[in-house]
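Chemist: Each chain, letter by letter, is given below.
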Amino acid sequence: MAKGESVAGTDIPAGGFVQLLTPDGERFDSVTTADGTTYSVDFTDEEYRELYRDLVTVRRLDTEAVALQRQGELGIWASLLGQEAAQVGSGRALRPQDMAFPTYREHGVLYTRGIDPIMPFGLFRGVDQGGWDPNEFRFNQYTIVIGSQTLHATGYAMGVTMDGKTGSADGEAVIAYFGDGATSQGEVNEAFVWSGVFNAPIVFFCQNNQYAISEPLERQTRVPLYQRAGGYGFPGIRVDGNDVLASYAVTRQALDNARTGQGPTLIEAYTYRMGAHTSSDDPTRYRIASEVEAWKAKDPISRLRAFLTKQKIVKKDFFAQVDDEATTKALDLRERVLAMPDPQPVTLFDHVYPNGSPELDRQRAVFTEYQASFEGSGH
Amino acid sequence: MAKGESVAGTDIPAGGFVQLLTPDGERFDSVTTADGTTYSVDFTDEEYRELYRDLVTVRRLDTEAVALQRQGELGIWASLLGQEAAQVGSGRALRPQDMAFPTYREHGVLYTRGIDPIMPFGLFRGVDQGGWDPNEFRFNQYTIVIGSQTLHATGYAMGVTMDGKTGSADGEAVIAYFGDGATSQGEVNEAFVWSGVFNAPIVFFCQNNQYAISEPLERQTRVPLYQRAGGYGFPGIRVDGNDVLASYAVTRQALDNARTGQGPTLIEAYTYRMGAHTSSDDPTRYRIASEVEAWKAKDPISRLRAFLTKQKIVKKDFFAQVDDEATTKALDLRERVLAMPDPQPVTLFDHVYPNGSPELDRQRAVFTEYQASFEGSGH
Amino acid sequence: MITLGKALNHGLRRALEDDPKVVIMGEDVGKLGGVFRITDGLQKDFGENRVIDTPLAEAGIIGTAVGLAIRGYRPVCEIQFDGFVFPAYNQIVAQVAKMHYRSQGKVRLPIVIRIPFGGGIGAVEHHSESPEAYFAHTPGLKVVSCSNPADAYSMIQQAIASDDPVIFFEPKRRYWEKGEVDLSSALPAATPLHSARIVRPGTAATLLAYGPMVRVALDAASAAAEDGRELEVIDLRSLSPIDYPVIFESVRRTGRAVVVHEAPGNVGLGAEIAARITEECFYSLEAPVLRVTGYDIPYPAARVEEEYLPDLDRVLDAVDRSFGW
Amino acid sequence: MITLGKALNHGLRRALEDDPKVVIMGEDVGKLGGVFRITDGLQKDFGENRVIDTPLAEAGIIGTAVGLAIRGYRPVCEIQFDGFVFPAYNQIVAQVAKMHYRSQGKVRLPIVIRIPFGGGIGAVEHHSESPEAYFAHTPGLKVVSCSNPADAYSMIQQAIASDDPVIFFEPKRRYWEKGEVDLSSALPAATPLHSARIVRPGTAATLLAYGPMVRVALDAASAAAEDGRELEVIDLRSLSPIDYPVIFESVRRTGRAVVVHEAPGNVGLGAEIAARITEECFYSLEAPVLRVTGYDIPYPAARVEEEYLPDLDRVLDAVDRSFGW
Ligand SMILES: Cc1ncc(C[n+]2csc(CCOP(=O)(O)OP(=O)(O)O)c2C)c(N)n1
Ligand SMILES: Cc1ncc(C[n+]2csc(CCOP(=O)(O)OP(=O)(O)O)c2C)c(N)n1
Ligand SMILES: [Mg+2]
Ligand SMILES: [Mg+2]
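Taken in sequence, the protein lines are chains A, B, C and D.
Here the numbering used here is used: the first residue of the first sequence is 1, the next is one more, and so on.
Here the numbering used here is used: the first residue of the second sequence is 1, the next is one more, and so on.
Here the numbering used here is used: the first residue of the third sequence is 1, the next is one more, and so on.
Here the numbering used here is used: the first residue of the fourth sequence is 1, the next is one more, and so on.
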């Protein structure tokens with residue numbers, strides 16, 4: 001394995017990024033950026049296999065979700081197809097004490113946190129709003145309003161500092177996920193302002209999948225997104241988001257910088273949304289097939305597979321076995337999604353306020369009485 | 001006059017800026033920044049005198065306004081003391097066809113546009129909301145909500161492009177004023193996004209007067225503000241905002257770039273708010289006298305005066321004459337402010353909608369009847 | 001027969017044709033034609049300068065529209081979903097609503113802000129809200145909502161032609177409902193933008209609704225008619241100002257009124273309408289004005305939204321309660 | 001006797017003392033002590049980690065407060081003036097208000113958002129607004145307003161101690177009004193945060209007010225008493241939820257009600273209160289519930305604001321009209 005020649009950092013050329021694994025499965029030992037940082041990974045064979053398992057599994061679960069949506073079992077689904085490496089790489093880079101703030105597409109990150117993948121399905125099926133306890137899973141609730149979670153993550157990170165939980169190798173770090181489109185939101189830029197001013201222990205992880213629904217990157221910026229960071233006083237770096245190794249290495253480094261008190265980093269993971277924006281979208285209206293084809297050649301899974309094969313890290317039946325396991329997981333997921341019960345109507349009135357409200361109690365009582373009036377009437 | 005040695009540009013060191021006139025009145029012929037741009041001015045003696053007149057006049061009018069406020073004749077006043085050079089320099093750099101979007105402090109810019117300085121006094125006296133026709137004066141209304149005008153300016157600039165009024169030397173350009181504090185507002189950063197994406201013919205002119213009310217610059221950024229621009233794909237430059245010549249030169253260049261189709265520039269005019277934030281503020285609570293003293297030595301007026309004197313550009317009684325003229329203007333202003341009539345109560349209901357509203361007509365009628373009921377009752 | 005969505009599309013097209021200063025702007029309004037296809041084909045035919053795909057920033061959409069309006073343009077802004085208008089709220093209430101007043105009439109902002117609103121489409125959070133009260137409570141804004149294809153076609157054109165800033169609420173779950181639209185009709189012949197309309201005459205009680213709830217009110221009236229109770233249904237069309245003369249006249253006749261909307265009841269439009277009717281028709285009322293609204297909860301999960309949304313049964317129940325007073 | 005502003009300062013100080021998780025954040029809250037000096041001296045005594053001067057970004061203030069709350073803190077955010085809350089509106093209505101519901105009770109956001117509100121101080125635009133209806137209409141938020149120093153002292157502590165997100169409206173023109181405050185009193189002994197209070201008993205009609213208008217209502221009641229008309233004055237204190245039992249009981253006794261607030265009347269709190277009273281006390285009402293409010297115009301220039309603001313005369317005029325019905 002050669003020493004990486006690509007030079008990347010705050011002044012990498014457009015299109016340049018940190019890459020450790022080429023689309024053909026060639027591996028660079030390390031990459032050194034212009035600022036002198038060296039990125040590398042040192043995985044055991046089993047860890048490589050584990051990464052491959054993750055990638056395949058999150059894609060397979062995603063495929064199942066797409067199917068469930070088509071069959072009317074989910075109201076909508078936001079597929080991560082094509083973004084597996086960015087998500088698995090960054091997600092695996094998190095240490096147990098770290099906290100993640102996702103958008104609505106980070107099913108892969110969720111999976112790598114060891115969370116039951118069914119967790120967000122309540123939201124997409126429409127049986128609930130997708131609520132869970134962020135602190136239990138060190139994984140915040142999905143956020144639908146574009147960009148808002150970046151401020152939540154920043155505030156949480158300020159709290160980490162206030163709690164004295166930075167400045168050492170076992171400090172805590174925070175990661176905020178968002179898309180290329182989100183970089184245009186005022187709130188996201190305010191998160192950059194605040195993180196710089198308070199030297200917050202945070203990593204901004206932007207999955208630049210080239211589109212915000214139909215709008216191509218040029219509608220959000222005319223320079224590479226990672227460069228946004230410099231104007232707020234922290235480093236920005238672009239990584240090959242289809243390379244799980246580089247995504248891991250760069251995120252791990254940035255998180256460790258954050259936890260040791262060196263403040264924020266913006267990571268732009270350069271990737272591509274292979275599917276529709278969501279199941280409601282029709283990408284053929286705004287992008288051409290050849291573009292999608294070109295990105296297929298950069299697939300995050302096939303390159304790791306090529307590497308594993310070339311390096312003889314895996315046994316003959318490994319790939320089939322992984323596929324089988326993933327399918328088993330997917331079918332289990334399907335079964336459990338189908339079994340998700342619809343909420344009881346009267347739960348409408350629950351959890352509006354921690355302390356409740358007499359006005360709501362009144363409305364709940366009226367509602368209950370009204371519902372009861374239909375009993376036996378076949379309503 | 002020596003060739004300026006200071007090198008400034010998108011990579012000038014912290015504290016470095018474009019300067020053509022030192023606090024002692026030394027003049028550099030030109031300054032060349034790292035990106036190769038050379039800034040210089042080529043004024044006639046009369047033009048130098050005119051600039052001096054402007055500086056003294058806007059300061060004198062401001063002093064009068066402060067006095068009027070103390071005497072209870074204005075509800076509030078936002079003094080420009082210390083920022084005269086940034087405002088006169090940039091204001092004089094505008095060409096007649098250009099459009100300015102001020103905050104609430106740009107009385108100096110307003111003056112250089114040839115506008116009667118009484119125009120904003122309705123707002124500060126409380127007899128109106130400060131409304132005028134932006135297109136008549138090529139000077140938008142004062143904007144109080146921090147940062148909002150930067151988006152208005154951006155939209156206006158997009159309209160300039162759509163009207164085909166860029167791309168030549170007599171094209172139109174737009175300038176948006178805002179403070180250091182404003183750079184933290186999401187809306188201002190959105191204005192940067194949009195201006196980059198649409199290559200809008202706009203100059204963002206940030207008067208960094210070191211404070212947002214009580215908050216020092218460190219609460220908004222940990223790197224120089226002009227560097228914010230790079231991340232949006234356009235140049236940023238810091239200029240000595242207490243140097244009227246440099247402020248003129250840099251703004252003129254940026255405006256000409258905008259009008260000829262080269263897109264936005266962010267100018268950070270490095271200056272100091274010598275007075276209180278507004279008449280309601282007490283700066284002794286948050287800053288020390290020695291800091292203010294240090295900035296006094298960099299006064300924008302005294303340095304031009306020193307230059308005019310050394311260069312023998314003015315006659316003996318010039319300075320006294322300018323002071324006298326300014327005082328005459330100030331007293332005239334005072335008189336006219338005192339004569340401003342209070343609005344008629346019923347005008348409350350005017351101008352809510354261009355097309356009116358029957359509901360408002362009803363409320364106006366009720367109000368009028370109610371008012372009439374007090375007639376003769378001494379109410 | 002065309003759908004309400006298509007009627008809006010035709011109306012926008014005609015506005016673009018009629019006035020070169022009209023520009024459409026928003027997220028995904030170009031090639032995609034908007035997530036609901038309301039601007040379908042317009043960028044292709046009018047170009048990228050007239051139909052502008054914007055950065056993903058709602059404050060930016062409205063803020064730049066203000067600047068474009070000062071420059072002489074007539075921006076028609078699309079907010080993708082009701083729940084995403086809030087990043088633009090500052091620009092709308094502090095700038096769009098106030099600039100004409102601030103300038104003593106010297107600055108007009110002929111901006112239309114289109115917002116697909118309301119629930120019933122099985123969506124996730126933030127996609128089913130009814131924020132109209134936030135805007136109706138804001139002086140300086142006019143607020144309207146269409147309920148059928150013919151109105152959609154004329155009202156969007158009237159809103160664009162008006163020099164007032166108009167918040168234009170589109171009943172998203174009715175986008176696919178069809179109706180007759182005379183695409184050759186001239187604007188001046190249309191019902192004025194701020195007029196309410198009696199869409200079903202009746203004598204027993206007055207139902208007041210707008211946008212997506214007009215259909216529900218009409219269905220309720222049909223059902224009541226089978227039981228021999230003739231309900232009058234008024235489509236408000238304009239939410240601020242409200243066309244009160246039509247309402248008062250009706251309620252004085254019927255003596256009973258029920259207001260229907262999806263938004264939470266607390267400090268909603270129904271409250272204002274109830275209060276005004278009571279002030280003006282006190283001695284005509286046989287019962288208090290009743291409200292059938294969303295509950296005072298965040299919009300709930302899709303699988304239970306039908307329990308949240310006013311429906312025929314809840315409207316009839318309110319009518320019954322009014323008669324039982 | 002201390003001022004209302006000072007009472008808030010004492011209340012905030014005590015909250016900081018009582019719970020190490022309480023943090024104050026906002027623009028100029030540190031050395032300056034806020035533009036109204038409500039946080040005066042607190043940063044000096046509690047440090048920069050407890051009293052945080054923030055960047056000039058209201059969405060940032062509320063958005064980071066959400067994150068701090070998830071982390072276990074209890075942020076008390078200051079919005080400098082009423083008119084500057086709108087950049088934070090998205091965070092407030094889409095996140096703060098909804099997160100507990102979204103999470104099915106798993107995430108509590110014990111955030112207090114302090115907003116000095118209302119007019120009468122001769123200020124320029126955006127400094128005199130009354131945006132409470134925007135928040136009261138939003139399920140998931142609790143909204144309160146204090147009207148006197150004693151309430152200011154206890155209510156701010158109760159709001160901070162509450163796990164509900166609370167929008168805390170401070171009547172800025174009453175900051176300098178003095179009253180007795182028992183600084184040693186224990187919180188549990190105070191009137192509950194969401195209770196209304198009869199501040200002057202009466203029999204002839206019920207006046208309902210909150211925040212800055214309570215004083216106006218009390219003055220009107222005094223004046224009316226001289227004419228032999230005993231008005232009951234209720235200080236609502238809580239604007240969402242409203243403590244209706246107290247109100248209904250009063251109106252059933254008096255048969256007449258007048259609601260007073262500074263905010264524009266259209267779709268304001270007065271509308272809701274009028275509608276609810278009418279629904280619940282229909283047969284007790286001698287006249288419709290009347291409203292004395294700001295007009296439906298943007299807040300006007302200072303020199304004419306007294307004509308805009310409800311005052312003693314307008315309140316009495318409404319009472320007269322009620323009696324003349
Ligand atoms: C404030 C806001 N505006 C609009 C939307 C509608 N919307 C949902 S996803 C999306 C595009 C997001 O693009 P990007 O940030 O690149 O993330 P991606 O979906 O590509 O992962 C839009 C416009 C929203 N959710 N929130
Ligand atoms: C959105 C908003 N928040 C708060 C304020 C209150 N306020 C008025 S001026 C000011 C400070 C502005 O600082 P800066 O941008 O540096 O401009 P300067 O006053 O120094 O010229 C603040 C916080 C406001 N006007 N608008
Ligand atoms: Mg994207
Ligand atoms: Mg400043």
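No lab work stands behind these hints: they were computed from the structure.
You may find that some hints are simply not true.
Listed next, the in silico BS3-like pairs over lysine-lysine satisfying Cα-Cα at most 30 Å (straight line) [as the list claims (entries may be wrong)]:
id	chain 1	residue 1	chain 2	residue 2
1	B	329	C	6
2	D	106	A	329
3	B	329	B	296
Chemist: Of all the hints numbered above, which does this structure not satisfy? Sort the numbers upward.
Modeler: 1
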